[in-house]
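S.K.: Given only the sequences and the hints, what does the whole structure look like? Please build it.
If you're matching them up, the sequences are chains A and B in order. In this text, residue positions in the first sequence follow the UniProt record's numbering: the first is 1, and each later residue adds one. In this text, residue positions in the second sequence follow the UniProt record's numbering: the first is 1, and each later residue adds one.
It should be emphasised that the hints constitute simulated quantities derived from the structure, not laboratory data. Watch out, some of these pointers could steer you wrong.
Which copy is meant is left open, so a pair is good if it fits within one copy or across any two.
[Stated by the list, open to error] With a straight-line cut-off of 27 Å between C-alpha atoms, the simulated DSS-like cross-links for lysine-lysine are: (1) Lys29 <-> Lys185; (2) Lys105 <-> Lys297; (3) Lys105 <-> Lys153; (4) Lys212 <-> Lys105; (5) Lys297 <-> Lys27; (6) Lys127 <-> Lys27; (7) Lys27 <-> Lys3; (8) Lys105 <-> Lys290; (9) Lys270 <-> Lys135; (10) Lys185 <-> Lys270; (11) Lys105 <-> Lys270; (12) Lys297 <-> Lys3; (13) Lys44 <-> Lys308; (14) Lys124 <-> Lys27.
Below are the chains, spelled out letter by letter.
Protein chains: 2
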Amino acid sequence: MVKTLIFGHKNPDTDTICSSIAYADLKTKRGYDVTHVRLGEVNKETQFALDQFNIKAPELIERVEDGAEVILVDHNEFQQSVDNIENATIREVIDHHRISNFETKEPLYFRAEPVGCTATILNKMYKENDISVDKNIAGILLSAIISDSLLLKSPTCTDEDVQAAHELAEIAGVDLESYGLDMLKAGADLSDKTVKDLITMDAKEFAMGNAKVEIAQVNAVDTSEIYKLHDELVEVITSRTNDNDLDLFLFVVTDILNNDSEVLAIGNGKDKVNSAFNVALDSNNRALLKGVVSRKKQIVTVLTEQFK
Amino acid sequence: MVKTLIFGHKNPDTDTICSSIAYADLKTKRGYDVTHVRLGEVNKETQFALDQFNIKAPELIERVEDGAEVILVDHNEFQQSVDNIENATIREVIDHHRISNFETKEPLYFRAEPVGCTATILNKMYKENDISVDKNIAGILLSAIISDSLLLKSPTCTDEDVQAAHELAEIAGVDLESYGLDMLKAGADLSDKTVKDLITMDAKEFAMGNAKVEIAQVNAVDTSEIYKLHDELVEVITSRTNDNDLDLFLFVVTDILNNDSEVLAIGNGKDKVNSAFNVALDSNNRALLKGVVSRKKQIVTVLTEQFK
Numbered sequence: 001m002v003k004t005l006i007f008g009h010k011n012p013d014t015d016t017i018c019s020s021i022a023y024a025d026l027k028t029k030r031g032y033d034v035t036h037v038r039l040g041e042v043n044k045e046t047q048f049a050l051d052q053f054n055i056k057a058p059e060l061i062e063r064v065e066d067g068a069e070v071i072l073v074d075h076n077e078f079q080q081s082v083d084n085i086e087n088a089t090i091r092e093v094i095d096h097h098r099i100s101n102f103e104t105k106e107p108l109y110f111r112a113e114p115v116g117c118t119a120t121i122l123n124k125m126y127k128e129n130d131i132s133v134d135k136n137i138a139g140i141l142l143s144a145i146i147s148d149s150l151l152l153k154s155p156t157c158t159d160e161d162v163q164a165a166h167e168l169a170e171i172a173g174v175d176l177e178s179y180g181l182d183m184l185k186a187g188a189d190l191s192d193k194t195v196k197d198l199i200t201m202d203a204k205e206f207a208m209g210n211a212k213v214e215i216a217q218v219n220a221v222d223t224s225e226i227y228k229l230h231d232e233l234v235e236v237i238t239s240r241t242n243d244n245d246l247d248l249f250l251f252v253v254t255d256i257l258n259n260d261s262e263v264l265a266i267g268n269g270k271d272k273v274n275s276a277f278n279v280a281l282d283s284n285n286r287a288l289l290k291g292v293v294s295r296k297k298q299i300v301t302v303l304t305e306q307f308k
Numbered sequence: 001m002v003k004t005l006i007f008g009h010k011n012p013d014t015d016t017i018c019s020s021i022a023y024a025d026l027k028t029k030r031g032y033d034v035t036h037v038r039l040g041e042v043n044k045e046t047q048f049a050l051d052q053f054n055i056k057a058p059e060l061i062e063r064v065e066d067g068a069e070v071i072l073v074d075h076n077e078f079q080q081s082v083d084n085i086e087n088a089t090i091r092e093v094i095d096h097h098r099i100s101n102f103e104t105k106e107p108l109y110f111r112a113e114p115v116g117c118t119a120t121i122l123n124k125m126y127k128e129n130d131i132s133v134d135k136n137i138a139g140i141l142l143s144a145i146i147s148d149s150l151l152l153k154s155p156t157c158t159d160e161d162v163q164a165a166h167e168l169a170e171i172a173g174v175d176l177e178s179y180g181l182d183m184l185k186a187g188a189d190l191s192d193k194t195v196k197d198l199i200t201m202d203a204k205e206f207a208m209g210n211a212k213v214e215i216a217q218v219n220a221v222d223t224s225e226i227y228k229l230h231d232e233l234v235e236v237i238t239s240r241t242n243d244n245d246l247d248l249f250l251f252v253v254t255d256i257l258n259n260d261s262e263v264l265a266i267g268n269g270k271d272k273v274n275s276a277f278n279v280a281l282d283s284n285n286r287a288l289l290k291g292v293v294s295r296k297k298q299i300v301t302v303l304t305e306q307f308k
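M.R.: This is the structure in structure tokens:
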């Protein structure tokens with residue numbers, strides 16, 4: 001009998017990796033035969049969390065067997081999932097994003113809640129099943145919440161996320177603030193990244209009306225450090241935009257200390273950025289988006305509106 | 001402040017009507033400002049249940065205001081929902097069907113479980129919220145389970161549905177078997193129906209691959225009574241198939257005593273019925289599907305496979 005595979009989205013972030021690990025733990029404790037895998041490289045922030053709590057990264061896969069039974073965490077849009085997702089049987093989805101480009105032939109268990117992080121839903125599911133969260137699993141669930149909520153500062157962060165984070169920090173035995181800042185800083189260390197790394201390490205593609213939009217986001221302690229590479233960024237993004245027939249590529253550099261983002265927009269749809277955020281891209285096609293840190297809540301929603 | 005609207009699918013069945021009523025009750029008890037409405041006529045089976053438990057049918061609506069906040073129960077596919085669903089903001093979905101032709105701009109609370117009836121999920125939600133189910137609400141939740149599971153005999157019926165039905169019968173103070181059979185018989189009284197009623201009273205349209213398929217189902221105590229109207233059925237269905245550019249219209253008459261269905265297939269895609277069910281349509285384009293009673297689990301799934 002082949003195990004049911006649990007995985008998050010491509011270009012995995014901390015919530016995707018940690019939620020796949022924790023949900024595999026919960027399902028295993030409930031008696032199911034599952035295993036967790038990942039669809040891309042583990043980033044530095046996630047690696048910091050895994051090292052801190054002595055957990056091994058899931059195995060990398062590129063495709064699933066035809067007819068494989070799978071559980072998606074932290075995503076539902078097929079273009080963010082494994083390439084041949086159409087050939088799998090999706091048994092469950094646990095997610096906190098909008099629902100789009102998703103369909104199944106059969107009924108399934110689909111649980112999406114409008115909270116800041118998949119890990120917050122999983123923390124609740126441990127309780128619903130009367131299963132206690134081990135110390136190391138608490139640590140990675142906490143890490144996922146810190147990552148998705150930028151240490152509880154993102155507008156996507158709900159009361160449920162805050163409460164879960166405090167509970168989990170207690171179980172994990174760490175100080176929420178100091179551990180959180182250390183983890184975010186580990187993720188914002190981009191010193192060894194190539195420009196190609198920067199624009200792909202946390203990139204997601206979205207269908208907006210008839211437009212194809214890719215949005216890549218990196219966290220930084222100092223955004224000007226990243227934009228020292230401006231010319232090279234423009235060159236690499238332009239060629240990616242052409243190769244993939246993108247209407248817009250938006251590169252988002254989020255300042256984790258000031259909670260703003262400086263964006264670079266390339267593609268025929270770049271004017272939509274001005275109207276969406278009520279800003280004017282400068283001659284470098286860049287703009288500062290004050291208070292914008294959440295791709296999901298503050299960028300995808302308003303940009304989708306512009307492309308309708 | 002306009003109330004959030006709760007409604008089930010078009011051509012409402014007992015689960016759709018009763019779940020909208022019960023979920024409005026639960027949300028109201030939790031302090032939310034909601035109201036339940038319906039998208040079509042109340043059928044005899046549902047009316048029997050409402051009368052039995054002294055509950056008024058929800059108000060009929062045809063459209064929602066632009067920007068209305070809505071909660072969908074017992075469906076998610078937009079073609080089964082209110083005509084201008086694209087203009088509403090969907091806050092929640094509680095459902096037990098496959099997911100298809102559904103998307104949102106924003107994250108929402110979406111709860112689908114692979115159980116036999118939406119009412120079974122709602123019964124669980126009362127418990128999760130520590131709110132007791134009143135006698136009359138228990139009665140209509142029970143009626144929904146009896147209807148969707150053909151008195152616990154459909155293959156869609158899970159252990160959870162069975163357990164919920166017994167619990168709810170106890171609270172409602174009725175005998176599950178005798179109340180259930182009375183209710184199903186009330187619904188199978190088709191003596192006053194026109195042919196047009198028969199093919200529309202519980203009809204649902206599905207996108208299967210590139211094909212448009214409509215499947216109408218009626219319950220009967222004696223299927224031959226219905227097929228006395230064979231010629232007229234063919235005429236009306238053929239004109240509906242042409243008018244709506246359907247690839248297939250499947251009319252399903254389910255025998256509630258023997259748990260079989262006799263189907264009539266019209267449209268260019270009618271041969272798919274033979275391959276899907278390993279039967280041969282007779283010269284009247286009819287076939288008996290032994291043991292088939294569930295549109296969702298035994299018809300839609302296998303037909304979709306044929307149209308891929």
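S.K.: Let me make sure I understand: some of the numbered hints might not hold for this structure. Which ones are they, in numerical order?
M.R.: 1, 9, 10, 13
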